[in-house]
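A.B. asks: Sequence:
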Amino acid sequence: MDGRRRNPYELTEDTPVYVISVAAQLSGLHPQTLRQYDRLGLVSPDRTAGRGRRYSARDIELLRQVQQLSQDEGINLAGIKRIIELENQVAALQARVAELEDALDGAAAAMRQREAAVHASYRRDLVPYQEVQQTSALVVWRPKRQQQSD
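Sequential numbering of the sequence shown, starting at 1012, is according to the numbering used here.
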């Protein structure tokens, strides 16, 4: 959720408000077809305390999608169920990707802040290191001989 408190009386597309007869009328299907879809797990409406079905606007849209796939595309109910499962899985994965992208953006911002703090803490009296150019010259070191005393 977005952190705000929701009004318990606010209607959203997930609010179960339609009884089966209204849902059937809105979706263009027979109530018995809705019961069958519920038994098969294609569309699972909420239940009241008395076990009556209550459909949301999202459920109505899903019923229309099932009808379109079945009648227009000729897909059987098992195929439709698999399509719905895969679409739900894709939606969940997209939400997870968005969540991970937000976390990544936050971590990158925190890293930039820490990096800026390190750069700000540099002492200004230090001289930057410059690499000495190497040569191929050979230097021979000979220790000085000590003179012998009598």
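The set of hints was computed from the structure by calculation and includes no laboratory data.
Computed from a predicted structure; not experimentally measured.
Careful, some of the hints might be misleading.
Stated by the list, open to error - Here are the in silico distance ranges between beta carbons for each label pair:
#	residue 1	residue 2	range
1	R1107	Q1047	46 to 56 angstroms
2	G1117	R1050	23 to 33 angstroms
3	L1097	E1126	36 to 46 angstroms
4	T1059	A1118	42 to 52 angstroms
5	Q1047	E1098	14 to 24 angstroms
6	Q1141	L1111	34 to 44 angstroms
Positions of the beta carbon are idealized from the N, C-alpha and C atoms, including for glycine.
A.B. asks: Each hint needs a verdict: does it hold in this structure or not?
C.D. replies: Tested hints:
no.: 1; hint: R1107 x Q1047: 46 to 56 angstroms; verdict: 33 angstroms, violated
no.: 2; hint: G1117 x R1050: 23 to 33 angstroms; verdict: 45 angstroms, violated
no.: 3; hint: L1097 x E1126: 36 to 46 angstroms; verdict: 42 angstroms, holds
no.: 4; hint: T1059 x A1118: 42 to 52 angstroms; verdict: 45 angstroms, holds
no.: 5; hint: Q1047 x E1098: 14 to 24 angstroms; verdict: 20 angstroms, holds
no.: 6; hint: Q1141 x L1111: 34 to 44 angstroms; verdict: 42 angstroms, holds
This entry does not satisfy hints 1 and 2, going by the numbered hints stated previously.
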